[in-house]
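Visitor: Residue numbers (this note's numbering): 9 to 195.
Among these hints, one or two may not hold up.
Heads up, simulated DSSO-like pairs for lysine-lysine below, C-alpha to C-alpha not over 30 Å straight-line [claimed, not checked]:
{"id": "1", "residue 1": "Lys135", "residue 2": "Lys99"}
{"id": "2", "residue 1": "Lys12", "residue 2": "Lys84"}
{"id": "3", "residue 1": "Lys160", "residue 2": "Lys139"}
{"id": "4", "residue 1": "Lys12", "residue 2": "Lys160"}
Pair ranges (Cβ atoms, derived) [as the list claims (entries may be wrong)]:
{"id": "5", "residue 1": "Asn72", "residue 2": "Lys135", "range": "29 to 35 Å"}
{"id": "6", "residue 1": "Lys12", "residue 2": "Lys99", "range": "23 to 29 Å"}
{"id": "7", "residue 1": "Val107", "residue 2": "Asp152", "range": "17 to 23 Å"}
Just so you know, the hints here were simulated from the structure itself, not pulled from any lab data.
Glycine included, every Cβ here is placed at the ideal spot set by N, Cα and C.
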Amino acid sequence: MPKKRCGWVSDDPLYIEYHDTEWGRPEYDDQKLFEMLCLEGAQAGLSWITVLKKREHYREVFDNFDPHKIAQYEDKKREQLLNDAGIIRNKLKVNAFIVNAQRYLEITQTQRFKDYVWQFVGGKPIKNHWKSLKEVPVTTPESDAMAKRLKKDGFKFVGSTICYAYMQATGMVNDHVQGCFLRQDGL
9 MPKKRCGWVS DDPLYIEYHD TEWGRPEYDD QKLFEMLCLE GAQAGLSWIT
59 VLKKREHYRE VFDNFDPHKI AQYEDKKREQ LLNDAGIIRN KLKVNAFIVN
109 AQRYLEITQT QRFKDYVWQF VGGKPIKNHW KSLKEVPVTT PESDAMAKRL
159 KKDGFKFVGS TICYAYMQAT GMVNDHVQGC FLRQDGL
């Protein structure tokens, strides 16, 4: 009998692996949190599977999401990125990675990035109990607060919908629906 998963998961093996091993699991590593913030922004207007299929290439061309390196990218590197068919070649999104790396470095002068982003959920995961995908919101008061703060601090591509997807992806909220095997396994 096949495992029952959340309704958004297709039969793509990459999507299944992502759902089963990453999505909704609490992430506390600063650099991985930075990576996911960038990738969620890259997803704006697209499906997550589009970004997921390009994630390894993103890691390669964006120096494994090292914010110290990305913050220093100059025009030549930006042009290389905008000509790279392996990523989403949107000038605003590419520039957002660079700006967000600079903001990340500013934030982490005084605190860990995990503390900065996890503050919006009180430092621990919110476990929701949705019966179906239809019940899952696209924004919450917590994602509204996160988006407002990130924007105030100069981050780009961080609207409330992106922030809520980010919170789901990094386990700040657990939106595995009832019936999903991961919910049943105690995640």
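Visitor: So, for every hint listed, does it hold in this structure?
Guide: So, going through the hints one by one against the coordinates:
no.: 1; hint: Lys135 / Lys99; result: 36 Å, violated
no.: 2; hint: Lys12 / Lys84; result: 47 Å, violated
no.: 3; hint: Lys160 / Lys139; result: 35 Å, violated
no.: 4; hint: Lys12 / Lys160; result: 40 Å, violated
no.: 5; hint: Asn72 / Lys135: 29 to 35 Å; result: 31 Å, holds
no.: 6; hint: Lys12 / Lys99: 23 to 29 Å; result: 41 Å, violated
no.: 7; hint: Val107 / Asp152: 17 to 23 Å; result: 21 Å, holds
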